[in-house]
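**Student:** Each protein sequence line maps, in turn, to chains G and L.
Each residue of the first sequence is one higher than the one before, starting from 1 at the first, in our numbering.
Each residue of the second sequence is one higher than the one before, starting from 1001 at the first, in our numbering.
It is worth saying that the hints were derived from the structure and are not from the lab.
Every residue, glycine too, gets a C-beta built ideally from N, C-alpha and C.
Any given hint could turn out to be false.
To be verified - Derived DEER-like restraints, expressed as beta-carbon distance ranges:
| # | chain 1 | residue 1 | chain 2 | residue 2 | range |
| --- | --- | --- | --- | --- | --- |
| 1 | G | 433 | L | 1012 | 56 to 62 Å |
| 2 | L | 1224 | G | 477 | 51 to 57 Å |
| 3 | L | 1214 | G | 217 | 35 to 41 Å |
| 4 | L | 1224 | G | 148 | 42 to 48 Å |
| 5 | G | 345 | L | 1450 | 49 to 55 Å |
| 6 | L | 1093 | G | 8 | 27 to 33 Å |
| 7 | G | 217 | L | 1122 | 22 to 28 Å |
Unchecked claim - From the derived model, a few chain L residues whose C-beta atoms are all more than 10 Å from chain G:
| # | residue |
| --- | --- |
| 8 | 1022 |
| 9 | 1038 |
| 10 | 1049 |
| 11 | 1061 |
| 12 | 1079 |
| 13 | 1183 |
| 14 | 1200 |
| 15 | 1229 |
| 16 | 1287 |
| 17 | 1327 |
| 18 | 1332 |
| 19 | 1373 |
| 20 | 1398 |
| 21 | 1404 |
| 22 | 1447 |
| 23 | 1452 |
As the list claims (entries may be wrong) - Derived coverage of chain G by chain L (criterion: at least 3 residues anywhere in the stretch with Cβ under 8 Å from a Cβ of chain L; other residues may be distant):
| # | stretch |
| --- | --- |
| 24 | 229-243 |
| 25 | 347-361 |
Protein chains: 2
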Amino acid sequence: MSESTPEQRLLALWGEIRDITAAEGLLAWDQETYMPSGGVEGRAKMMATLAGVKHARLTDPELRDLVAQCEELAQPGSVAAANAYRARREVERASKIPASLTKALAEATSTALASWQEARAKADFSLFRDDLAQVLDLTRQEAAALANGGSLYDVLLDLYEPGATEADLEPLFAELKRELAPLVQQAADSRVRVDESPVKGQFSSAGQRDFGLHTARAMGFDFDRGRLDSSAHPFCSGIAGGDTRMTWRWQEDDLRPALFGIVHETGHGLYEQGLPPEWDRTPIGDTISLGIHESQSRLWENHVARSKPFWEWALPRLQGTFPSTADLTVDRMWPALHTVTPSLIRVEADEATYNLHIAVRFELERALLRSELEVDDLPAAWNAAYRELLGIESPNDADGVLQDIHWSMGAFGYFPTYTLGTLTAAQLFASAQETMPDLDEQIASGDFSQLLRWLRDNIHSHAGRYDADELVQKATGKALDTKPFLDYLQAVVREVYTS
Amino acid sequence: MSESTPEQRLLALWGEIRDITAAEGLLAWDQETYMPSGGVEGRAKMMATLAGVKHARLTDPELRDLVAQCEELAQPGSVAAANAYRARREVERASKIPASLTKALAEATSTALASWQEARAKADFSLFRDDLAQVLDLTRQEAAALANGGSLYDVLLDLYEPGATEADLEPLFAELKRELAPLVQQAADSRVRVDESPVKGQFSSAGQRDFGLHTARAMGFDFDRGRLDSSAHPFCSGIAGGDTRMTWRWQEDDLRPALFGIVHETGHGLYEQGLPPEWDRTPIGDTISLGIHESQSRLWENHVARSKPFWEWALPRLQGTFPSTADLTVDRMWPALHTVTPSLIRVEADEATYNLHIAVRFELERALLRSELEVDDLPAAWNAAYRELLGIESPNDADGVLQDIHWSMGAFGYFPTYTLGTLTAAQLFASAQETMPDLDEQIASGDFSQLLRWLRDNIHSHAGRYDADELVQKATGKALDTKPFLDYLQAVVREVYTS
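Start from the sequences and build out the full structure, keeping to the hints where you can.
**Tutor:** Set out below in structure tokens:
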């Protein structure tokens, strides 16, 4: 090894750490797609062992020394400096958390994932309660190790959205609640009753899959370097360079969950597939934050696939797949994609109320972390929050507190990144529109290549080189702002709900 | 850790090593079932990194010391002694092989697996040639590191069949060739032309899968603790306790490949599922040898699923699935499952010629390892051997030298275990029949539970505690012998080919 530079040696060690992350990713993907139920216990042990291996690698004194050397040697602003900076963040974080805790968390979350799946299937929170309490307790210990007496929530949030804080998010959610309430009210007060029949009916899962795959391919997803499988909760996982896994689910009586789910995950998948191969397995080689990741999925979902130009292209294909839609027009279809009605399931929520779902989770998980709320009281608190913020209540916990996978995975502080992503998506799309005045025509003709190129150039190709706020500034010339999203939403609600 | 005994500490370390093996197993399974083609390069790196991690764990001085302590402390003949013995074998083997070679082999075989798949699909050996040469070269280096100047072939064989040697196998294959030749001749000289129409026709893959799954379930395979997926080359992999993965493939015009393939893999799968849970993740917790593994698959395939009693139970179900078989009888079906005709594909070969396929590979891989045969000359040598031993020649390399996955995985010395398994299967089944005089009636009624119980008691429950030869002696009261297999085969050929 003596002939290699500290940078080369750092990258060699990092590549192996990334390989272990990739193995963890595949194990997690398999657990949610194909693993038989009997594999739960063994899988938890495998995950715990890999977490321990990774922790040992990240806390290896050789790596720490190399990071320090690289920081000293690298030109400020260079790729080498960015690699050293990203590596330092990971190394420091791992060093603060005892290996035993890392392993215990990996094992507990693997078990909790299985009990969450069962609890959700049976709509029985009690089956999940103990495992959730265990995960929460370990997550609190993890956060305490990182926080040095500071906010537990901030250090968890920072895992997913580097630099974001609880204090930044509070006014943001307050503003969204303030601005979204009148929009929701406007829809409710309107005499317009949106006709949802265009998206309702009987649609075979095979047909929906075919239509979704066609759309994903048209958007630019490369199925030689990725897959689509089914799972209880749709997700996208960039396992390794050239191997991006997406999942979906469907409802036979409604086109929207499957279609927008697939488009959403394809947005994530395109980000993964657009990462520079030359940075593969390096500290800056991965996506930068979950907020930016979500901006990619939301941009395609909300600003492309819910738009009129998109349906000018997509409708004939839909009609080819489902002859029952032969009489549909874009003008009848479009409002059905923009209904504003408080509903129970976050991932199927409309654009206006979606961020209220996030606000509920933001409040509840902060209360859990501060020990102001006990796990036993969580279902009741969930239902109370939905009553208050959205005016509805779930008839069972499966569509209530059990609907999301996140807490079973110990992912507290993750939900706000959805809202950051939604806001970023609107701002990015507005910039893309300014750059490409004929973007609507491109989309209407099924040509998504220039939009993808713009995203590749402005977001994907930078991978983890810049922080999220810097990336948004570079791409749009402005700091992140709620205005583009609220402008977009107000225009949509005005058009749909003005009779 | 100071409070734990050396044995407890050894088992804790071993459990993690087994977890890494399990992760490798899942990555390999995924590569052959679901991985997109773009994942090849990344997967090779992941496999190499995990191989490196495992090698480091196996060569950890703490582990070596613990093994020595455990050997000293353990009662001879105890489980603890067996664990120490198995662990020592692995530790010593790993210590002789440099980490760099382990990693290089993992990476090379992962790449070669992909090029083999492509070469096979395109029937073009040249696409595989370079990767095979690379794998062979690294395997030779590995064998040389282990052999201390002894036989390269023996140390590789020992990987799969502990204790077996080239010198033992030579007379064995000579005897089989001597005894099988007259049988094959007897079939060829007979005026009987077996009617294969009972198993020929048009059989949907869905129907074949359904029939195969039904059979696997009846045999006792637990699908809550396992799966069946499709792959180019059928295999069974015991990923972890409670997670056994089998694969299959099918031909629409012939029932046999899918059915006997599934029964075969289910035989392997039952062995994996029958390992004692209390020994999970310990040195003796896994299956003992590939010969014993193959004895389980062959026993179910040849002695159960090709038998008349089996078809008394299975035929009505087959007729329910495929109405075109409504007129079939067991007496018409049975000969079609016992044809003796030299054919090209090993995994679809008849019982009499199967071991001649193995003999070809045994000769060729020994020649490759001794550098008496170059990779470039392998296709020609393959074809020459088939001409000589079986009197046939493949029209292309896909059905010739490219038909098997093994060499792409660096598995030289593996093939003879198939023959050992075939012989062991016959000997075990003969013993089971002696113990259970009504075994035929049980099978005819679809009750496989007592046969499975016998295998659980005599083979599965011992996992890796005893060496293969000791296990066969315990189970059958005799050392392994060719007689039960030859007796079985002679009786079958006599009945089928006597008009």
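**Student:** Verify that the Cβ of residue 1229 (chain L) lies farther than 10 Å from every Cβ atom of chain G, and report whether the claim holds or is violated.
**Tutor:** The claim breaks: residue 1229 (chain L) does not keep its Cβ more than 10 Å from every Cβ of chain G (closest is about 8 Å).
**Student:** Falls inside 49 to 55 Å, the C-beta gap from residue 345 (chain G) to residue 1450 (chain L)?
**Tutor:** Since the Cβ atoms of residue 345 (chain G) and residue 1450 (chain L) sit about 50 Å apart, the hinted range of 49 to 55 Å holds.
**Student:** At the C-beta level, are residue 1224 (chain L) and residue 477 (chain G) separated by a distance inside 51 to 57 Å?
**Tutor:** holds (56 Å)
**Student:** So residue 1200 (chain L) supposedly isn't at the interface. Is its beta-carbon more than 10 Å from every beta-carbon in chain G?
**Tutor:** holds (31 Å)
**Student:** State, for the Cβ atoms of residue 433 (chain G) and residue 1012 (chain L), whether the hinted interval 56 to 62 Å holds or is violated.
**Tutor:** For residue 1012 (chain L) against residue 433 (chain G), whose Cβ atoms are near 59 Å apart, the range 56 to 62 Å holds.
**Student:** For residue 1332 (chain L), is the shortest beta carbon distance to chain G beyond 10 Å?
**Tutor:** holds (38 Å)
**Student:** Does the claim that residue 1022 (chain L) lies outside the interface with chain G hold up, using a Cβ gap greater than 10 Å?
**Tutor:** Non-interface label fails for residue 1022 (chain L): nearest chain G Cβ at 5 Å, not farther than 10 Å.
**Student:** So the hint says 22 to 28 Å: do the beta-carbon atoms of residue 217 (chain G) and residue 1122 (chain L) match that?
**Tutor:** With Cβ atoms ~25 Å apart, the hint holds.
**Student:** That 42 to 48 Å hint for residue 1224 (chain L) and residue 148 (chain G) (C-beta), does it hold up?
**Tutor:** Between residue 1224 (chain L) and residue 148 (chain G), where Cβ atoms are some 46 Å apart, the hint holds.
**Student:** Hey, does residue 1404 (chain L) actually stay past 10 Å from chain G on C-beta?
**Tutor:** holds (26 Å)
**Student:** Are all beta-carbon distances from residue 1061 (chain L) to chain G longer than 10 Å?
**Tutor:** holds (16 Å)
**Student:** Taking the CB of residue 1214 (chain L) and the CB of residue 217 (chain G), does the distance hold inside 35 to 41 Å?
**Tutor:** Because 37 Å falls inside the window, the suggested range holds.
Hint check: violations occur at hints 8, 9, 10, 15, 25; the rest are consistent with the structure.
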